[in-house]
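Use the sequences and the hints to build the structure in full.
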Amino acid sequence: LGPNNTHVAQREKRVLPTGRMATRCVRYGVIGCGLMGVEHINNLKALRKLDYELDLIAFADPHEPSQKAALDACGTEFAPKVFTEFEVMLRECDSALDVVIVATPNYHHRTVLLHALPNYPSLHVLCEKPMCTTVEDCKLVVNAAHSRPGLLWIGLEYRYMPPVTRLLQEVKDGKVGRLRMMSIREHRFPFLKKVDDWNRFSENTGGTLVEKACHFFDLLNEMNGGRAPVSVFADGARDVNHEDERYNGRKPDILDNAMVTLMYDNGVRGLVDLCMFADATMNQEEVVAVGEEGKLEAFLPSHEYRCGIRGRDWIGSVPCETVKDDRVIYAGHHYGSSQLEHMELHACISNGERPKVSLWNGIVSVAIGVAAHLSIEKQRVVRMAEVLDAEYLGT
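Going by our numbering, the first residue of the sequence shown is number 1, and it counts up by one from there.
Everything labelled a hint here was simulated from the structure, so no lab data went into it.
Don't be surprised by glycine CBs; every beta carbon is placed ideally from N, CA and C.
It cannot be assumed that every hint is accurate.
[Stated by the list, open to error] Between beta-carbon pairs, the in silico distance windows are:
no.: 1; residue 1: Thr322; residue 2: Arg269; range: 25 to 33 Å
no.: 2; residue 1: Asp326; residue 2: Met282; range: 18 to 26 Å
no.: 3; residue 1: Leu271; residue 2: Glu391; range: 21 to 29 Å
no.: 4; residue 1: Val82; residue 2: Asn248; range: 24 to 32 Å
no.: 5; residue 1: Arg178; residue 2: His63; range: 26 to 34 Å
no.: 6; residue 1: Asp173; residue 2: Gly316; range: 20 to 28 Å
no.: 7; residue 1: Ser122; residue 2: Val82; range: 37 to 45 Å
no.: 8; residue 1: Cys25; residue 2: Asp239; range: 48 to 56 Å
Right, here's the structure in full:
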């Protein structure tokens with residue numbers, strides 16, 4: 001597993017052609033029907049409206065209100081079988097499924113993946129982020145996925161937000177020269193309520209910088225040519241949100257704000273600025289890449305995109321355009337990126353290609369979050385080699 005996914009690519013290219021090839025209708029199952037499970041169902045409906053050949057065969061969730069929400073989302077488009085236990089769904093529907101979507105709480109990803117990957121080796125899997133809540137569990141998943149024919153795709157879909165996609169491509173194309181600095185600011189609303197309030201405690205989520213910021217760490221790595229950072233420095237706290245909440249007498253321990261700096265071996269630096277009590281804002285996400293010859297900026301939800309070139313543009317006079325993808329018919333919770341992710345996944349499954357978002361993306365984005373939390377705890381710079389083996393970092 002190298003910094004540019006080299007080993008992953010070589011391995012998956014060799015084994016994928018023997019997986020479940022969908023030359024016909026791609027048949028899906030969903031495990032976990034909370035907010036994101038329903039979101040995936042809505043995205044499958046959108047693809048079907050775009051004449052993609054697919055069907056939702058079954059879903060599993062022990063929570064009756066979540067089952068009802070999933071059935072309501074299906075409407076008349078799908079008629080899935082309903083299960084309370086995912087193991088039963090996989091066993092009874094094995095021959096009828098091509099791909100399963102894992103959208104259970106973060107701490108449960110490990111349980112699902114370590115059951116599904118070895119027992120159903122040709123089944124394709126889309127697992128919501130984060131891959132797991134700890135580096136140790138991510139390693140177990142990597143080992144379980146080794147040499148299996150079915151692909152494992154990690155749901156880090158922010159790269160598919162249209163203005164962010166443009167920014168990533170123009171960095172790669174050298175639009176602003178050699179990359180030197182990157183930053184991502186997400187100023188947003190507090191964490192939503194989830195079933196049984198599982199997302200109020202770091203033991204369930206991995207911590208805010210694993211649960212939420214893994215998206216941003218993955219984007220910074222992608223922006224910098226698929227590299228992992230060599231060190232992390234962070235500071236953060238819970239200053240505003242959840243102060244009056246108690247669950248079985250326990251007070252939530254999740255952060256509501258943080259700043260994280262990533263240092264890379266090529267001299268590039270990245271910054272994540274996260275605040276979850278800043279919903280009084282024009283844009284929720286601001287993604288920036290600064291090169292020696294200019295600056296690229298992507299904004300959401302405005303979908304604005306700016307490309308400033310030194311010597312051509314100046315402060316206050318940088319051209320701005322709106323960047324959207326005309327294929328998106330369901331914006332959902334992530335500005336259409338989940339639909340575009342599903343389109344890519346469908347193509348990979350149908351054509352026997354390796355996943356665009358790999359095990360490397362999954363484990364490294366989690367490890368950076370773990371390093372960031374350790375940095376806050378110890379109040380020092382943390383070397384990535386302290387939390388993840390060098391083989392994963394390409395060092």
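A range of 20 to 28 Å was offered for this pair. Does it hold for the Cβ distance of Asp173 and Gly316? 26 Å, holds
For the pair Val82 and Asn248, does the Cβ-Cβ distance stay inside 24 to 32 Å? 30 Å, holds
So the hint says 18 to 26 Å: do the beta-carbon atoms of Asp326 and Met282 match that? 24 Å, holds
The hint says 26 to 34 Å between Arg178 and His63; measuring C-beta to C-beta, is that right? 50 Å, violated
So the hint says 25 to 33 Å: do the beta-carbon atoms of Thr322 and Arg269 match that? Holds, since Thr322 and Arg269 (Cβ atoms, about 29 Å apart) stay within the stated range.
Range hint compliance [Cβ, Cys25 to Asp239, 48 to 56 Å]: 50 Å, holds
With 21 to 29 Å as the target window, see if Leu271 and Glu391 comply at their CB atoms. 27 Å, holds
Given a hinted range of 37 to 45 Å, is it respected by the beta-carbon distance of Ser122 and Val82? Violated, since Ser122 and Val82 (Cβ atoms, about 24 Å apart) do not stay within the stated range.
Violated hints for the displayed structure, listed by number in ascending order: 5 and 7.
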